[in-house]
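All chains, please: the whole structure from these sequences, using the hints.
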Amino acid sequence: MRNLRWAVEEMAPLKLKMREKPPAPATKVLYLVATLTPMFLIVAVIISMVGANPLVAYRELFTAPFRNIHNVTEILVTTTPLLLIALGLSVSFRCKFWNIGAEGQLYAGALASTATVLLLKDSATPSAVFIPLLLVVGFLGGAAWATISAVLKIKFQINEIITTLLLNFIMFYFLSFLLYGPWMDPISVMPQSELFPPAARLPKLIPETRLHTGLFLAVLSIPLVYLILNKTVLGYQIRTTGSSLSAARFGGINVGKVFLLVVIISGGLAGLAGMGEVSGIYYRLRGDISPGYGYTAILVALLGKNHPGWVTLVAFLFGALLVGGYEMQVATGIPTALALVTQPLIFFGVLCAEALSRYEVSWRK
Amino acid sequence: MSLEVFLTGLIAAGFRIATPILLAALGETFAERSGILNLGIEGMMIMSAFTSFSVTYDTGNPTLGLLAGLITGGVMAFIHAFMSITIKVDQIVSGLALTILGLALSTFLFISYFKRTQPAVEIWEPTAIPVLSQIPIIGPALFQQHVITYFAIILFIVSTWFLFGTTWGLTIRTVGENPAAADTVGIRVERVRYLCTIFGGLMAGIAGAYLTLVVFNSFFGGMTAGRGWIAIAVVIFGRWTPSWVFGGALFFGLVDSFQLRLQASGIPISPQFSLMIPYLFTLIALIIVGRKRYAPAALCIPYRRGER
Numbered sequence: 008m009r010n011l012r013w014a015v016e017e018m019a020p021l022k023l024k025m026r027e028k029p030p031a032p033a034t035k036v037l038y039l040v041a042t043l044t045p046m047f048l049i050v051a052v053i054i055s056m057v058g059a060n061p062l063v064a065y066r067e068l069f070t071a072p073f074r075n076i077h078n079v080t081e082i083l084v085t086t087t088p089l090l091l092i093a094l095g096l097s098v099s100f101r102c103k104f105w106n107i108g109a110e111g112q113l114y115a116g117a118l119a120s121t122a123t124v125l126l127l128k129d130s131a132t133p134s135a136v137f138i139p140l141l142l143v144v145g146f147l148g149g150a151a152w153a154t155i156s157a158v159l160k161i162k163f164q165i166n167e168i169i170t171t172l173l174l175n176f177i178m179f180y181f182l183s184f185l186l187y188g189p190w191m192d193p194i195s196v197m198p199q200s201e202l203f204p205p206a207a208r209l210p211k212l213i214p215e216t217r218l219h220t221g222l223f224l225a226v227l228s229i230p231l232v233y234l235i236l237n238k239t240v241l242g243y244q245i246r247t248t249g250s251s252l253s254a255a256r257f258g259g260i261n262v263g264k265v266f267l268l269v270v271i272i273s274g275g276l277a278g279l280a281g282m283g284e285v286s287g288i289y290y291r292l293r294g295d296i297s298p299g300y301g302y303t304a305i306l307v308a309l310l311g312k313n314h315p316g317w318v319t320l321v322a323f324l325f326g327a328l329l330v331g332g333y334e335m336q337v338a339t340g341i342p343t344a345l346a347l348v349t350q351p352l353i354f355f356g357v358l359c360a361e362a363l364s365r366y367e368v369s370w371r372k
Numbered sequence: 026m027s028l029e030v031f032l033t034g035l036i037a038a039g040f041r042i043a044t045p046i047l048l049a050a051l052g053e054t055f056a057e058r059s060g061i062l063n064l065g066i067e068g069m070m071i072m073s074a075f076t077s078f079s080v081t082y083d084t085g086n087p088t089l090g091l092l093a094g095l096i097t098g099g100v101m102a103f104i105h106a107f108m109s110i111t112i113k114v115d116q117i118v119s120g121l122a123l124t125i126l127g128l129a130l131s132t133f134l135f136i137s138y139f140k141r142t143q144p145a146v147e148i149w150e151p152t153a154i155p156v157l158s159q160i161p162i163i164g165p166a167l168f169q170q171h172v173i174t175y176f177a178i179i180l181f182i183v184s185t186w187f188l189f190g191t192t193w194g195l196t197i198r199t200v201g202e203n204p205a206a207a208d209t210v211g212i213r214v215e216r217v218r219y220l221c222t223i224f225g226g227l228m229a230g231i232a233g234a235y236l237t238l239v240v241f242n243s244f245f246g247g248m249t250a251g252r253g254w255i256a257i258a259v260v261i262f263g264r265w266t267p268s269w270v271f272g273g274a275l276f277f278g279l280v281d282s283f284q285l286r287l288q289a290s291g292i293p294i295s296p297q298f299s300l301m302i303p304y305l306f307t308l309i310a311l312i313i314v315g316r317k318r319y320a321p322a323a324l325c326i327p328y329r330r331g332e333r
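Residue numbers (the numbering used here), protein chains in the order written: chain A, 8 to 372; chain B, 26 to 333.
Careful: at least some of the hints might be erroneous.
[Stated by the list, open to error] Below, simulated SDA-like cross-link-like pairs (lysine to any residue); rule was C-alpha separation at most 20 angstroms, straight line: (1) B:K140 to A:S55; (2) A:K103 to B:K113; (3) A:K24 to B:A320; (4) B:K113 to A:W370; (5) A:K22 to A:Y38; (6) B:K140 to A:V57; (7) A:K103 to A:M197; (8) A:K103 to B:A322; (9) A:K162 to B:K140; (10) A:K103 to A:L358; (11) A:K103 to B:A320; (12) B:K113 to A:V357; (13) A:K103 to A:Y243; (14) A:K22 to B:Y328; (15) B:K113 to A:Y38; (16) A:K24 to B:I326; (17) A:K22 to B:G211; (18) A:K103 to A:G263.
[Said to hold, decoys possible] Just a sample of chain A residues kept apart from chain B, beta carbon distances all over 12 angstroms, derived: (19) F47; (20) A135; (21) L140; (22) N175; (23) D192; (24) T220; (25) V226; (26) Y233; (27) T239.
Hint data in this document are derived by calculation from the structure and do not stem from the laboratory.
Backbone N, C-alpha and C define an ideal beta-carbon position, used for all residues, glycine too.
What follows is the structure in structure tokens.
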């Protein structure tokens, strides 16, 4: 037992002391460099482990997204859902409602939009009616799916982390039921719905690319979320609930209502992201419209400190990383999943840098 | 099919499926009892599943594979412990990031090493316990399981005794309920939390190894399919006590086992709905049992000396 104790003490040889005042911005940048460098070295080791050249991989990963106009439009294509979801999640995380089911909510929005399209496909509904209708339905689909978790938390005090995540799996199976069953496209024998009529498609921003007008929704959400968080009564309630649940209750805030509203916002924006994918890119519902946007967006919201401005920046950078991962796979054969490995490692690096600027660290004597 | 055959199969498969959930949930119980919520379980399980698979594939030795899974779980838990105990990052944040990392890294390494092939390892055969395995129904259901399943059942009994019958158990519970009080009587709070978190990681590691070596004999991206999350749910409706956790894991195992039998029985139910059943039942179980609060008081709260 004594040896065991000693071993653990050796494993945690650091001593932390709260800093009196925060360090200068330049020092913070230095900390960031000091913690991110080892992370990128780790990724380099992983790349060499699978028998590839890290320098070539890194060149592709970081420069390919900006190599030409087409790739830049691809960054915006991936940024659109990431930004929509992460903005919503930042509202939810601000009041410490841990909605981690954005992936399922994205599919719920996509599913609701597709249901509407399948219902109205022969009705000759004009685009000017169809698109706004799909936007509303997509938002409501995501919001409704997320509301289940909010209700379970408010009525039964059940931890939302578990319920939002379990609902992801339930949504996944429900979706594959539809795509292998009643919604399967009769023309292709793939698990996908039939093609949307042109009136149900979001217009392209630039022809010959995948960039669609859904980008406007994401951009529009930035000031909207900022205003909600900082300039409204709801925003005040969200921030109060987040900093202290008991203080919020004591101050007369209806915490349940706050949870319900943030879930509607975050689920709704995720649903909108799903609508954008089916109606702006694929023109049909598929099981693979999201390469885990719902999970990546969690990191985006947290890295962006739940602040709309920073969230936008991180969403763009992570979007670029995803495009870089794809280009890297084409050029070097290294699987695109490397981008997904890099993201959480960057995240851990930033967490360590923050700890360095919060505490004075010394070796335990 | 006779009732006896049905029941035997149901219970046997129930225990087989419950094993990884039980292991991960027991480990998580220790971590949470000491005040550390580890949401990285899913990531640890799948990473361990991958390392144990590739080591077994290369060496042909499942024991080495199990060891690799164990080490992987321990190392990942150490990362979580460092983040949440030493540098006091939000435990939810650190755990989530670890899960995202584990899912991505295992998929990346698997595709890189094995390209698009679907390699398999030899199945690690169960061990029948002499005499006991001859009892009708219970014998084949309970005593012809894999060594790891026996280990999980023994672990649940031992951890009940350990948590509630020893000073060490009391120490762990005190640290999770009132770290400041523990500190004043000379308990090293951070040390206890490190140990419990790493123990949780080791158990998640065995759970991951069990999935590749005993259940699937193979690896594929996302193969844990939320089992780590279900383990965390089991801890909640298991009220942070090993005996309830055992009941919860077994309940999940039996539901999943029933669901598999339902699909095979030829009853016209779409397989996707059948696969949904375990997740739905976990939700329902949480609604029924999980509503009262039994969580350790200091769960998720980093300990800083001199702060209250």
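Now the hints, each set against the structure:
1. For the given pair, K140 (chain B) sits about 16 angstroms from S55 (chain A) by alpha-carbon distance, which is consistent with the 20 angstroms threshold.
2. This hinted pair checks out: K103 (chain A) and K113 (chain B) have alpha carbons roughly 17 angstroms apart, not beyond 20 angstroms.
3. The suggested pairing of K24 (chain A) with A320 (chain B) is violated, with an alpha-carbon distance near 29 angstroms, which exceeds 20 angstroms.
4. Restraint check for K113 (chain B) and W370 (chain A): the C-alpha separation of about 16 angstroms stays at or below 20 angstroms, so the hint holds.
5. Simply put, K22 (chain A) and Y38 (chain A) have alpha-carbon atoms about 17 angstroms apart, close enough for the 20 angstroms limit, and the pair holds.
6. Between K140 (chain B) and V57 (chain A) the CA atoms are separated by roughly 11 angstroms; this keeps the pair inside 20 angstroms, and the hint holds.
7. At most 20 angstroms may separate the alpha-carbon atoms for a hinted pair to count; K103 (chain A) and M197 (chain A) exceed this at roughly 40 angstroms.
8. A C-alpha spacing of about 18 angstroms is found between K103 (chain A) and A322 (chain B), which places the hinted pair at or below 20 angstroms, so the restraint holds.
9. A distance of roughly 48 angstroms separates the Cα atoms of K162 (chain A) and K140 (chain B); the hinted pair therefore is violated under the 20 angstroms criterion.
10. For the proposed pair K103 (chain A) and L358 (chain A), the alpha carbon gap of about 18 angstroms is at most 20 angstroms, so the pair holds.
11. At roughly 18 angstroms between alpha-carbon atoms, K103 (chain A) and A320 (chain B) fall within 20 angstroms of each other, so this suggested pair holds.
12. A hinted pair counts as satisfied when its Cα atoms are at most 20 angstroms apart, and K113 (chain B) with V357 (chain A) qualifies at roughly 14 angstroms.
13. This hinted pair checks out: K103 (chain A) and Y243 (chain A) have alpha carbons roughly 14 angstroms apart, not beyond 20 angstroms.
14. This hinted pair checks out: K22 (chain A) and Y328 (chain B) have alpha carbons roughly 13 angstroms apart, not beyond 20 angstroms.
15. Our distance criterion of 20 angstroms between C-alpha atoms is met by K113 (chain B) and Y38 (chain A), whose separation comes to about 17 angstroms.
16. Between K24 (chain A) and I326 (chain B) the CA atoms are separated by roughly 17 angstroms; this keeps the pair inside 20 angstroms, and the hint holds.
17. Between K22 (chain A) and G211 (chain B) the alpha-carbon distance is near 18 angstroms, which keeps this suggested pair within the 20 angstroms criterion.
18. For the hint linking K103 (chain A) to G263 (chain A), the alpha-carbon distance of about 13 angstroms falls within 20 angstroms, and the restraint holds.
19. Non-interface status of F47 (chain A) relative to chain B is upheld: no Cβ of that chain comes within 12 angstroms, the nearest being about 15 angstroms off.
20. Against the 12 angstroms criterion, A135 (chain A) stays outside the reach of chain B, whose nearest CB is about 36 angstroms from its own CB.
21. Every CB of chain B is more than 12 angstroms from the CB of L140 (chain A) (nearest about 28 angstroms), matching its label as outside the interface.
22. Remark: the non-interface label on N175 (chain A) conflicts with the geometry, its nearest Cβ contact in chain B lying 8 angstroms away (cut-off 12 angstroms).
23. No beta-carbon of chain B comes within 12 angstroms of the beta-carbon of D192 (chain A); the shortest separation is about 17 angstroms.
24. Look at T220 (chain A): its CB is around 30 angstroms from the nearest CB on chain B, clear of 12 angstroms, so calling it non-interface holds up.
25. No Cβ of chain B approaches the Cβ of V226 (chain A) within 12 angstroms, the least distance being about 26 angstroms, so the stated non-interface status holds.
26. Listed as outside the interface, Y233 (chain A) is consistent with that label: its C-beta sits roughly 22 angstroms from the nearest C-beta of chain B, beyond the 12 angstroms cut-off.
27. Distance check for T239 (chain A) against chain B: the nearest CB is about 26 angstroms away, which clears 12 angstroms, and the non-interface claim stands.
Of the numbered hints given earlier, the model fails hints 3, 7, 9 and 22; all others are met.
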